[in-house]
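*Asks:* Single-letter residue listing:
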Amino acid sequence: MTKNPYQPMLATVIAIKEEVGGNRAIKTFKLEFQDEKVKENFNFLPGQTIMISLFGIGESMFAISSSPTEKRYIEVSVMKLGKVTNALHEMSVGDTVGARGPYGNHFDIEGWKKKNLLFIGGGIGQAPLRSLLNYCLDNRNEYDNLEVIYGARTSEDICFKEKFDEMQKQQDVDVHLSIDVQEEGWNHFVGFVPANLQRLNPSPENTIAITCGPPIMIKFVIQNLLELGFKENQIYTTLEMRMKCGIGICGRCNIGNVYVCKDGPVFSYDQLKDLEGDM
Amino acid sequence: MENLVLSKEKLPEMLTEIASKYALFGPIEENGFTSFKHINNSQEINLDYLLTRISPKSLIFQQTETLFTFNKGKEVKVNTPKTDEAKRVIFGIRPCDARGYSILDPVFEGKKEGDYKDPFYTKKRNRSTLIGLSCNKPDLNCFCTSFDDSPASAKNVDILFTDIGEKYFVDIVTEKGKELIENLSKLFSKASEENREVREKVEQDAINAITRHMNTEGVVKKLDKMFNHDLWQKTAMRCVGCGICTFLCPTCHCFDMQDEAILKEGARIRVWDSCMYPEYTMHASGHNPRPARMNRVRNRIYHKFSYFPKNDKIFACTGCGRCIDYCPVNIDIIDIIAKVKEAKT
Amino acid sequence: MVDLKNLIEITKKIISREDVKYIVGYKKGTYGFQIMPAFAYTPEDAEEFIYSPLCSKNLAVYTILEEKLPLKRGEEEDKRKIGVVVKGCDSRAVVQIIQEKGLKREDLVLIGIPCRGVIEPKKIEKMFPNQTDLIEVIENDNSEYIINIGGKTHKVPKNELLSDVCKSCEFPNPPLYDVLLGEEVEITETEEFSKINELDEKPTEDKWEYWKEHFERCIRCYACREACPLCYCKECMADTLNPQWIRRSVNLSENTAWNIMRAYHLAGRCISCGECERVCPVNIPLMELNKKIERDVKKMFDYTSGLDEEEKPLFGMFKPDDPEDFIL
Amino acid sequence: MEEFEPNIIGFLCNWCSYAGADLAGTSRIQYPPNVKIIKVMCSGRINPMYVVNALQQGADGVLIGGCHPGDCHYSRGNYLARRRIAVMKRLLEYIGIEPERVRMTWVSAAEGRKFAEVVEEVTEDIKKIGPMKKIRRENVW
Chain U
0 MTKNPYQPML ATVIAIKEEV GGNRAIKTFK LEFQDEKVKE NFNFLPGQTI
50 MISLFGIGES MFAISSSPTE KRYIEVSVMK LGKVTNALHE MSVGDTVGAR
100 GPYGNHFDIE GWKKKNLLFI GGGIGQAPLR SLLNYCLDNR NEYDNLEVIY
150 GARTSEDICF KEKFDEMQKQ QDVDVHLSID VQEEGWNHFV GFVPANLQRL
200 NPSPENTIAI TCGPPIMIKF VIQNLLELGF KENQIYTTLE MRMKCGIGIC
250 GRCNIGNVYV CKDGPVFSYD QLKDLEGDM
Chain H
0 MENLVLSKEK LPEMLTEIAS KYALFGPIEE NGFTSFKHIN NSQEINLDYL
50 LTRISPKSLI FQQTETLFTF NKGKEVKVNT PKTDEAKRVI FGIRPCDARG
100 YSILDPVFEG KKEGDYKDPF YTKKRNRSTL IGLSCNKPDL NCFCTSFDDS
150 PASAKNVDIL FTDIGEKYFV DIVTEKGKEL IENLSKLFSK ASEENREVRE
200 KVEQDAINAI TRHMNTEGVV KKLDKMFNHD LWQKTAMRCV GCGICTFLCP
250 TCHCFDMQDE AILKEGARIR VWDSCMYPEY TMHASGHNPR PARMNRVRNR
300 IYHKFSYFPK NDKIFACTGC GRCIDYCPVN IDIIDIIAKV KEAKT
Chain W
0 MVDLKNLIEI TKKIISREDV KYIVGYKKGT YGFQIMPAFA YTPEDAEEFI
50 YSPLCSKNLA VYTILEEKLP LKRGEEEDKR KIGVVVKGCD SRAVVQIIQE
100 KGLKREDLVL IGIPCRGVIE PKKIEKMFPN QTDLIEVIEN DNSEYIINIG
150 GKTHKVPKNE LLSDVCKSCE FPNPPLYDVL LGEEVEITET EEFSKINELD
200 EKPTEDKWEY WKEHFERCIR CYACREACPL CYCKECMADT LNPQWIRRSV
250 NLSENTAWNI MRAYHLAGRC ISCGECERVC PVNIPLMELN KKIERDVKKM
300 FDYTSGLDEE EKPLFGMFKP DDPEDFIL
Chain P
0 MEEFEPNIIG FLCNWCSYAG ADLAGTSRIQ YPPNVKIIKV MCSGRINPMY
50 VVNALQQGAD GVLIGGCHPG DCHYSRGNYL ARRRIAVMKR LLEYIGIEPE
100 RVRMTWVSAA EGRKFAEVVE EVTEDIKKIG PMKKIRRENV W
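Residue numbers (numbering that gives the first Met the number 0), protein chains in the order written: chain U, 0 to 278; chain H, 0 to 344; chain W, 0 to 327; chain P, 0 to 140.
Hints listed in this document are in silico derivations from the structure and should not be mistaken for laboratory results.
Careful, some of the hints might be misleading.
As the list claims (entries may be wrong) - Have a look at the derived ranges for each label pair, beta carbon to beta carbon:
| hint | chain 1 | residue 1 | chain 2 | residue 2 | range |
| --- | --- | --- | --- | --- | --- |
| 1 | H | HIS282 | W | ASP132 | 43 to 51 Å |
| 2 | W | THR189 | P | PHE3 | 43 to 51 Å |
| 3 | W | GLY150 | H | HIS282 | 36 to 44 Å |
| 4 | P | ASN138 | W | LYS166 | 36 to 44 Å |
| 5 | H | THR344 | W | ASN196 | 54 to 62 Å |
| 6 | P | SER74 | H | GLU29 | 29 to 37 Å |
| 7 | P | ASN46 | H | GLY72 | 22 to 30 Å |
| 8 | W | LYS166 | P | PHE3 | 43 to 51 Å |
| 9 | H | PHE226 | U | ASP173 | 33 to 41 Å |
| 10 | P | PRO130 | W | THR189 | 39 to 47 Å |
| 11 | U | ASN22 | W | GLU215 | 43 to 51 Å |
| 12 | P | SER26 | H | HIS282 | 41 to 49 Å |
Claimed, not checked - When the alpha-carbon atoms are kept at most 30 Å apart in a straight line, the in silico DSSO-like pairs for lysine-lysine are as follows:
| hint | chain 1 | residue 1 | chain 2 | residue 2 |
| --- | --- | --- | --- | --- |
| 13 | W | LYS27 | W | LYS154 |
| 14 | U | LYS38 | H | LYS73 |
| 15 | U | LYS36 | H | LYS116 |
| 16 | U | LYS272 | H | LYS309 |
| 17 | H | LYS224 | W | LYS121 |
| 18 | H | LYS263 | P | LYS35 |
| 19 | U | LYS36 | H | LYS81 |
| 20 | W | LYS206 | P | LYS127 |
| 21 | H | LYS73 | U | LYS36 |
| 22 | W | LYS122 | W | LYS206 |
| 23 | U | LYS261 | U | LYS2 |
| 24 | P | LYS38 | P | LYS126 |
| 25 | W | LYS211 | H | LYS123 |
| 26 | U | LYS36 | H | LYS76 |
| 27 | H | LYS76 | U | LYS38 |
| 28 | H | LYS9 | H | LYS175 |
| 29 | U | LYS79 | U | LYS112 |
| 30 | H | LYS343 | W | LYS20 |
| 31 | U | LYS218 | W | LYS233 |
| 32 | H | LYS233 | W | LYS121 |
| 33 | U | LYS70 | H | LYS309 |
| 34 | H | LYS340 | W | LYS26 |
| 35 | H | LYS71 | H | LYS36 |
| 36 | W | LYS125 | H | LYS7 |
| 37 | U | LYS82 | H | LYS340 |
| 38 | U | LYS70 | H | LYS116 |
| 39 | U | LYS82 | H | LYS263 |
| 40 | U | LYS79 | H | LYS263 |
Don't be surprised by glycine CBs; every beta carbon is placed ideally from N, CA and C.
Isolated chain U (complex conformation):
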C-alpha cells in the first residue's frame, strides 16, 4: 500500500511549559518522536506546520514554534480554544500524541541572510515567529538587525515573556512590547500592535517584516508597513485556516485557488494582495 498520509507518527510529550494562564491559556509542548529514526531525521524549516492528533479527540494544525537548530524534538505553542486544544492542555508529560508533517512552505531563511528582520506578533501569533526568531538567534551573525514588536491583550497574556527579557538583555535584539489597556506597573507601550509599529517607525532599508496575529491585526500592520515605505515583497505573514487533511485535498483552507495548508502558510504581501478570497 502506498504510504497513508493521514496516519500520524507517535510522539511523546516530554515537557510542558505554561506560558500564559487564565482564560486564554497558552502552553508550549515539547514533543519527541517515539520512532528513533524519525526522531533523528525529522527535518523542518521555520514557518512550517505540523498536524497534532489526540486519539479519540481529533486533529489540529499548529505552527512548529521551536527552531530547526534544536534537534531531536519539536515544540508547539497552543492556546486553549477548541476541542483538541482543550484536550491537549489536559495532557501531562509522558502522554502520547500523534504527529504528522511538516507541512507547507517556510520562511526564506537563506534569502534573508544579511538582512534586518522585523518581527511583528500579536497574541499566540508569536508562535510561528518564535521558530524563525530562535533560528536567527542561533545563527546570529548571519542576520543583521533583529527587532521584535509584540503585543497582547494584557501583561498576563504575553507569551514567551522570559525569552523576550533575555533577548533584550543578552542577544542584541530590540524588543518592543505593548498591551491593549493600561495596567499598573506597565512601563512599555499601551495600545494596539499596529499603533506601536507606527510609533516606532522602523526603517524599511534592507529589512524584511514578518507578521502574525489575529486577522484584523495583520490587516492593519500591513497597511502601516506600506505607509512606512515597506515594499510589498518586504512584508511576509503566516496565515491560519481551519484545516483537516493538511495536504490540499479536503478543500476548506483555500484563499482563492491557493491552499493555505500546502501552498502556505507563509505568504508575502506581494502574493497575498493578488489573492482574492475569503480570509
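Put chains H, W and P on the given structure of chain U with help from the hints.
*Replies:* Just chains H, W and P, lined up with the frame of chain U:
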C-alpha cells in the same frame, strides 16, 4: 480502438461472467431512484436510468472511510485499516460521471512527483474498470457537450457501450478494458460498418437532443474581475444552504475528518463535508472566513470555474445537471455562468 | 384565486414604505415548472412576483436565514422589516417562530395568501418530463390544473398533482398576516393521518423493516434541516463536537439517531409544510415521522402548533393531568 | 447458552428515585443488577436524546425515574419530563423499537420496594425481547 457488438440478450451472461471474477457495481433502482450498488444478480440492474441520484463518485471516494484505527490509553498504537482489495467493474456509468473521476484524479492522486497521494482513492480507482453506457436520451438539464464532451464519449472509460437497438455497440478504449473483455470474447462479435453508422447516428441524435448549454469561454478571466460583484449576494439570498448540490456533485471532494472511539480503541474516519455549511470553515476562535451564504455560494462557483481551471486546467463540472435538478430554490449553475458572462465589471 | 395584479400592487405599496427592507415572494424560475424565491427591494422588483399552484417553497425559512454578520466599524444595523408572502403553512411557521421568540412580530410584514394547495414538483415533472420552456399552471374552479405546454392544453385532476401534505392540510388560511389576498379558502375534508395509522398498527418488526430501509439510505446531507423554517438553532445538536451527540459517519445507527433527533426536535413545532420531504435527495418520507408526532401531540395534549403567537411551546408547559398510562 | 443479561441504563432523579434506589439497597431488598444507574438532578433534566444515545451505545433498555407528580423538588421538572418522554417513547415505537425498552416510573424516596419491583419488571421484559441490535453502534472500523 477496437469495436465489437454485443446482442442485448447476452448482456446478463456477460454480467454474470464478470460478477464471478470481479466485484460488480451497477445501477439499481430502489425507492424511485437509481444508485450504484454491488450486484450479485444481473437481473437487478436497471439500464433504463439516466443518471443515478447520487453520483458514482461514492464508489471511489466513499462517503465514510476509515483512515486508520488506533488503540488509546496507556499503550497507544496506530494501525493501517483493512482495505478493500477486490478488483472492481463499474458497469453502466455515464460518460459524464466517468469524466468526474478524471477531474478528481489530480486532487487525490497528486499532480507531480512528490505530491501527496490519497491511497484510499488511488487504490479503488486503479482497481476499477469502467464500462460506460452512452446516453441516448439526455435529460433536460444535461449539458455535457458544453465541456467538449459527448453523451457517447469514450474518453474517460475503459469500455463504452452504446445502445444501437438490438445490440450494444462496444468501444474497447483501454488496455484494462481489453483485458476484461478478452475472456468473454465468445459473447461479442465484430462490429460492422453499419453498426458503426448507427452508433454515430445515435450519438449525434443525443447531442442534438441536448437543449441546455453553458458557454464557458473566458469565464476564468471574467471571474477574476467579479469577486466583489453583487451577483453572489443576489444568488445567495435565495440559497438555503442545504448542501444538496455538493453532496450529489460528481466532482465535489471536500471532506471532514473526525475521531470515533470507544474506551480503548477507535478510528479516524473521513466523511463527505460541504462548503455550503458555515461550520465547514469555522475556526475554533469563532472567526469564520466564509461567514455568509454569499461567501459560500461564491466559493462553490469559483472552485468549479476558477480555482480548478487555474490549478488543474479543467473545469470541475461535468454537465450532469444534478445540482440544477435537485436544488430546492432553483439555483441554476447554467444560469449563473450565463449571468457571469453578461455581467458588467 | 390570487389576483396577480393585486399581489404586485400590494407588494409595491409595502416595499415603498421606508420601514421595509425587502419582500420575499416567488418569481418564475429558469426552466420548466421551476419557481424561485424572489427578493423585491424596489417596486420594480415586485413586477416579477407571481403566484401559482407551483409555488410550493415555504418562504418562512428566509425570515430566519437573515445572517447577522458582525457590523463593520461605523456601520449601523439595518432594523427595517422583512416582508414575506405566506401561505397557510408558511404563516404558521412564522407564528411558531414568534411564539418561540425567534422573531419579533414587529420585524415582519406578512402578505397572506389563502392557499388551495400546491403542486408537488416531483409529481408534475414526472407527468410532463423534460420541459425546457417555462410553463404556467392555473387552477380552475373544477379542481383541475390547466397546464399549457407548447400550445397544447392539458387538464389534470388536482388530486393527481397535489402535494401529499396539502391533501391533509387543516389550515390553508394564514393564521397571521397583515394583508390577505383574496377570500379565505374553505376547509375541505382531509385524509389526515391515514398513512400513519396504517403503519402504527403493524407489528414492531415490520415498522423497523420499513424505517430501516429508509434510514440506511440517508446520506446525512442535512438538507431537511436547512430547508426547514423551524430548524433555526444557532448550533445544531448534530454539529456540536463537544459533546458529540451523533457521529458524523454514515451508517444505520447514526442515521437513525439523526432522523429521530430531527423529528423529535420538531415535536409540537412542525407545521406540516412538507419542505423536508420535498428537498430530501433520497426520498425518505420524513413527513410521516413529523405527522406521527403531530398526531400524538394532538391526541395526548390537545396541542396544535403555529396557530397562536401567545401560546406556550409544547415542551415548555404541562397539564397536571397529562396522560401517564405508560408510567410504571 | 448463557442467559442474556440485559444492560439497562437508569436515569434517576436525585431527590426521589435515586433515594428510592438507595433505600432499596439499605433495606437489603434484592433486585436484578442489570440496571446501571446514572444520577441526574431532576427527571426534567433528561434530554430525550439520552435515551437514543444510550440505546446506540449498548444499552438494551432505558429506565427513567422521577418523583411522583406534585412532588418534584423543582416543582415541575417531572411533569415536563412526562410530556417529553411520552412523545419520544411513541416515536421510538413508531420507528420499530420495542416499547419495553423505554420505561418511565415514579418512585419516591420512601419506595425502595417499588423501585426493586420496577427494576424486576423492566429486566424481565427486556430479557424476553432480547438484546437491542437495531440502532446499536457497531464500532467496527
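*Asks:* Each of the hints needs a verdict: does it hold here or not?
*Replies:* Going down the list of hints, with the structure as the test:
| no. | hint | result |
| --- | --- | --- |
| 1 | H:HIS282 to W:ASP132: 43 to 51 Å | holds, 47 Å |
| 2 | W:THR189 to P:PHE3: 43 to 51 Å | holds, 46 Å |
| 3 | W:GLY150 to H:HIS282: 36 to 44 Å | violated, 57 Å |
| 4 | P:ASN138 to W:LYS166: 36 to 44 Å | holds, 43 Å |
| 5 | H:THR344 to W:ASN196: 54 to 62 Å | holds, 60 Å |
| 6 | P:SER74 to H:GLU29: 29 to 37 Å | violated, 52 Å |
| 7 | P:ASN46 to H:GLY72: 22 to 30 Å | holds, 29 Å |
| 8 | W:LYS166 to P:PHE3: 43 to 51 Å | holds, 45 Å |
| 9 | H:PHE226 to U:ASP173: 33 to 41 Å | holds, 40 Å |
| 10 | P:PRO130 to W:THR189: 39 to 47 Å | holds, 42 Å |
| 11 | U:ASN22 to W:GLU215: 43 to 51 Å | holds, 45 Å |
| 12 | P:SER26 to H:HIS282: 41 to 49 Å | violated, 56 Å |
| 13 | W:LYS27 to W:LYS154 | holds, 21 Å |
| 14 | U:LYS38 to H:LYS73 | holds, 21 Å |
| 15 | U:LYS36 to H:LYS116 | holds, 23 Å |
| 16 | U:LYS272 to H:LYS309 | holds, 17 Å |
| 17 | H:LYS224 to W:LYS121 | violated, 38 Å |
| 18 | H:LYS263 to P:LYS35 | holds, 20 Å |
| 19 | U:LYS36 to H:LYS81 | holds, 26 Å |
| 20 | W:LYS206 to P:LYS127 | holds, 19 Å |
| 21 | H:LYS73 to U:LYS36 | holds, 22 Å |
| 22 | W:LYS122 to W:LYS206 | holds, 26 Å |
| 23 | U:LYS261 to U:LYS2 | holds, 18 Å |
| 24 | P:LYS38 to P:LYS126 | holds, 24 Å |
| 25 | W:LYS211 to H:LYS123 | holds, 28 Å |
| 26 | U:LYS36 to H:LYS76 | holds, 17 Å |
| 27 | H:LYS76 to U:LYS38 | holds, 17 Å |
| 28 | H:LYS9 to H:LYS175 | holds, 21 Å |
| 29 | U:LYS79 to U:LYS112 | violated, 35 Å |
| 30 | H:LYS343 to W:LYS20 | holds, 25 Å |
| 31 | U:LYS218 to W:LYS233 | holds, 29 Å |
| 32 | H:LYS233 to W:LYS121 | holds, 26 Å |
| 33 | U:LYS70 to H:LYS309 | violated, 39 Å |
| 34 | H:LYS340 to W:LYS26 | holds, 22 Å |
| 35 | H:LYS71 to H:LYS36 | violated, 35 Å |
| 36 | W:LYS125 to H:LYS7 | holds, 28 Å |
| 37 | U:LYS82 to H:LYS340 | violated, 44 Å |
| 38 | U:LYS70 to H:LYS116 | holds, 29 Å |
| 39 | U:LYS82 to H:LYS263 | holds, 19 Å |
| 40 | U:LYS79 to H:LYS263 | holds, 25 Å |
Checked against the numbered hints listed earlier, the structure breaks hints 3, 6, 12, 17, 29, 33, 35 and 37; every other hint is satisfied.
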